[in-house]
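Visitor: Sequence:
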Amino acid sequence: MISLRKISFCFAYFVFGHSDADEARKPASERLLSLVHQQDIVARLSGDGFVIVINRVIDSVCC
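Residue numbers (this note's numbering): 892 to 954.
Simulated from the structure, these hints should not be mistaken for laboratory data.
Treat each hint with caution, since some may be false.
[What the hints assert, rightly or not] With beta-carbon atoms standing in for the labels, derived distance ranges: (1) L895 - Q930: 15 to 23 angstroms; (2) V906 - V927: 26 to 34 angstroms; (3) R947 - A915: 16 to 24 angstroms.
Please read these numbers as outputs of a predicted model, since none were measured by experiment.
All C-beta atoms, glycine included, are put in the ideal place defined by N, C-alpha and C.
Construct the entire structure; sequences and hints are all you get.
Guide: Next up, the structure:
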């Protein structure tokens, strides 16, 4: 699991309001979705945070 927080979104909420800030956040969401595999999960955790759950297991030999 990877947790990301974008401080500028908090600022956008205060300046532009929730509706406009949500619209500004959409490109970031789309970009994150384009970087992960289809079985992975990208979710909004809070107003300015995202969580990425990488959902794959790589076979390896443990020593």
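Visitor: Now, for every hint given, state plainly whether the structure supports it.
Guide: A quick look at each hint next to the structure:
Separated by about 19 angstroms at the C-beta atoms, L895 and Q930 satisfy the suggested range of 15 to 23 angstroms. At about 30 angstroms, the CB distance of V906 to V927 agrees with the hint of 26 to 34 angstroms. Taking 16 to 24 angstroms as the suggested C-beta distance range, the pair R947 and A915 does not conform, at roughly 31 angstroms.
Checked against the numbered hints listed earlier, the structure breaks hint 3 alone; every other hint is satisfied.
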